[in-house]
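**Student:** Model the full structure from these sequences, guided by the hints.
Everything in the sequence shown is counted per our numbering, starting at 1 for the first residue and increasing by one.
Note that these hints are calculated values from the structure, not bench results. All values reported here derive from a predicted model rather than from experimental measurement. Warning: the hint list may mix true and false statements.
To be verified - DSSO-like cross-link-like pairs, simulated, lysine-lysine; straight-line CA separation at most 27 Å:
id	residue 1	residue 2
1	263	141
2	243	366
3	416	398
4	427	95
5	25	170
6	410	468
7	199	238
8	170	199
9	240	456
10	388	285
11	5	410
12	410	472
13	233	461
14	158	263
15	228	243
16	221	206
17	427	415
18	45	141
19	243	199
20	240	388
21	461	263
22	143	182
23	158	95
24	343	302
25	406	302
26	410	367
27	60	180
28	365	182
29	285	233
30	410	396
31	5	75
32	398	170
33	365	302
34	95	328
35	141	171
36	167	180
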Amino acid sequence: MAEIKFGTDGWRAIISEDFTFENVKIVAQAIADFVKSERSPIYRKKKIAVGYDTRFLSSKYAELVSSVLVSNGIKVVLSEDNCTTPSICIYIKDKKLSGGVMITASHNPAEYNGIKYKGYFGGSAGSDIIGKIEKNLRKSKVKYMDINEAIKSGKVVKDDFVSMQNKWIKKYADMKILKKAKLRVLVDSMNGTGRDHLKEVVRGTKIKLDFINDELNPGFKGRAPEPKAENLKELITKVKNGKYNLGIATDGDSDRLAVVDEKGNVLSGHKLMALLLLHLVEDRKMRGGVVQTICGTGLIDKIAKEYHLKTYETPVGFKYICDIMIKKDILIAGEETGGIGFKNYVPERDGFLSTLLLIEFMLAKKKTLSRIVEETDKKYGEFVYGRKDVVFVESKRKALVDGMKKNPLKEILGKKVVDIKSYDGTKFICEDGTWLILRLSGTEPKLRIYCEAHSKPNAAKYLEFGQKYASKFI
Numbered sequence: 001m002a003e004i005k006f007g008t009d010g011w012r013a014i015i016s017e018d019f020t021f022e023n024v025k026i027v028a029q030a031i032a033d034f035v036k037s038e039r040s041p042i043y044r045k046k047k048i049a050v051g052y053d054t055r056f057l058s059s060k061y062a063e064l065v066s067s068v069l070v071s072n073g074i075k076v077v078l079s080e081d082n083c084t085t086p087s088i089c090i091y092i093k094d095k096k097l098s099g100g101v102m103i104t105a106s107h108n109p110a111e112y113n114g115i116k117y118k119g120y121f122g123g124s125a126g127s128d129i130i131g132k133i134e135k136n137l138r139k140s141k142v143k144y145m146d147i148n149e150a151i152k153s154g155k156v157v158k159d160d161f162v163s164m165q166n167k168w169i170k171k172y173a174d175m176k177i178l179k180k181a182k183l184r185v186l187v188d189s190m191n192g193t194g195r196d197h198l199k200e201v202v203r204g205t206k207i208k209l210d211f212i213n214d215e216l217n218p219g220f221k222g223r224a225p226e227p228k229a230e231n232l233k234e235l236i237t238k239v240k241n242g243k244y245n246l247g248i249a250t251d252g253d254s255d256r257l258a259v260v261d262e263k264g265n266v267l268s269g270h271k272l273m274a275l276l277l278l279h280l281v282e283d284r285k286m287r288g289g290v291v292q293t294i295c296g297t298g299l300i301d302k303i304a305k306e307y308h309l310k311t312y313e314t315p316v317g318f319k320y321i322c323d324i325m326i327k328k329d330i331l332i333a334g335e336e337t338g339g340i341g342f343k344n345y346v347p348e349r350d351g352f353l354s355t356l357l358l359i360e361f362m363l364a365k366k367k368t369l370s371r372i373v374e375e376t377d378k379k380y381g382e383f384v385y386g387r388k389d390v391v392f393v394e395s396k397r398k399a400l401v402d403g404m405k406k407n408p409l410k411e412i413l414g415k416k417v418v419d420i421k422s423y424d425g426t427k428f429i430c431e432d433g434t435w436l437i438l439r440l441s442g443t444e445p446k447l448r449i450y451c452e453a454h455s456k457p458n459a460a461k462y463l464e465f466g467q468k469y470a471s472k473f474i
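**Tutor:** See below:
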């Protein structure tokens, strides 16, 4: 019997191995039992949004989930086409629904698919909700009806989620400024749900958008739809050769992005979030708290201190960030992978909105992106983020965790370790503020090695050091 376990952002598994029609129905029944058991007023509506990405069979999985939910007396609004993850969150919040189900494996390779559950607040469900859903797995017999019958009877209705997302973005963005923007932007949709939807958002402006990889391709042309440098060679080359002002890549479900400046340099998620923080504070005159994960950057801490903004730190996973965004006055919140959420929006990442806010920043400063980055580094110092993922078999996980506890690092490349955090992986913080993290993935059989140093060569050395240290336990 396949194990069904929700990780940092939903349940993901390989299609036809563990991610089967039968297991999808089991998860849908567990979600239905959760919704039916909740007694708070928001669940009385018992209405759920269901969306899906561009992966193999995603639309069929979405129909299966919908069929199970309506068979349990829950009304369903099914996306009329593949849609972005932020669009389903916006739809939930706008329509005041009980929650939502998104069929997606986000940035994972093509052989994966997955399920994300979104709460009534329009964001990633926390451990409290996910824990209840997991406890319901296989407790009840699956109820199921034919999807065509469900649609004919009106129990399942379809709607356009992405159009609503576009409307929300236009309300949030400063369209007056953007209308005057004479920028050329190249967008790599990575064959994901981003497609060419940004074209509709910037309609009426002077922003010239060109797209690559915006067609449907469930195999993602052989690369994972993860916007990191090694997957963006085509975008980097075309931005430089085509003399674009900016390059953007959205991941498989378009909740996060990567940014390429006009010289072909890929910005880290840390740098992107730092720039957007500066824009919100300096240009939009907004205030509020700042949330990062344990993998966050000292650059943002410096900026927050300068502007007297309260900072928060969470484990990896946007569900932890979302929880703080719901409870506190948060200006900006994000992960090192380019997923960023904003005040007065849904407590969720949105790659489209991040793109427009970055363009706003460039227009406000009247400078190229590379120049803005140079000036930021000069003012605050250089913070270079590094990450490396290595395959790490399940049987060796305990040995690594126990080893780091019993014999923690006392120094890294001659720098004394002055603090250790171990609430999500193990973070070794050195006397000069540099750090190294070893963290086992919650969704894949991998060890993630993260670091932050003050130069690219040192960051590379930290990652190499971390990999050698971990190899002792294999």
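**Student:** For every hint, state whether the structure bears it out.
**Tutor:** Going through the hints against the structure:
no. : hint      : verdict
1   : 263 / 141 : violated, 57 Å
2   : 243 / 366 : holds, 17 Å
3   : 416 / 398 : holds, 26 Å
4   : 427 / 95  : violated, 41 Å
5   : 25 / 170  : violated, 37 Å
6   : 410 / 468 : holds, 15 Å
7   : 199 / 238 : holds, 19 Å
8   : 170 / 199 : holds, 12 Å
9   : 240 / 456 : holds, 22 Å
10  : 388 / 285 : violated, 36 Å
11  : 5 / 410   : violated, 35 Å
12  : 410 / 472 : holds, 16 Å
13  : 233 / 461 : holds, 23 Å
14  : 158 / 263 : violated, 43 Å
15  : 228 / 243 : holds, 21 Å
16  : 221 / 206 : violated, 31 Å
17  : 427 / 415 : holds, 14 Å
18  : 45 / 141  : holds, 23 Å
19  : 243 / 199 : holds, 19 Å
20  : 240 / 388 : holds, 26 Å
21  : 461 / 263 : holds, 25 Å
22  : 143 / 182 : violated, 54 Å
23  : 158 / 95  : holds, 14 Å
24  : 343 / 302 : holds, 20 Å
25  : 406 / 302 : violated, 33 Å
26  : 410 / 367 : violated, 44 Å
27  : 60 / 180  : violated, 43 Å
28  : 365 / 182 : holds, 14 Å
29  : 285 / 233 : violated, 36 Å
30  : 410 / 396 : holds, 23 Å
31  : 5 / 75    : holds, 26 Å
32  : 398 / 170 : violated, 48 Å
33  : 365 / 302 : holds, 20 Å
34  : 95 / 328  : holds, 23 Å
35  : 141 / 171 : violated, 44 Å
36  : 167 / 180 : holds, 19 Å
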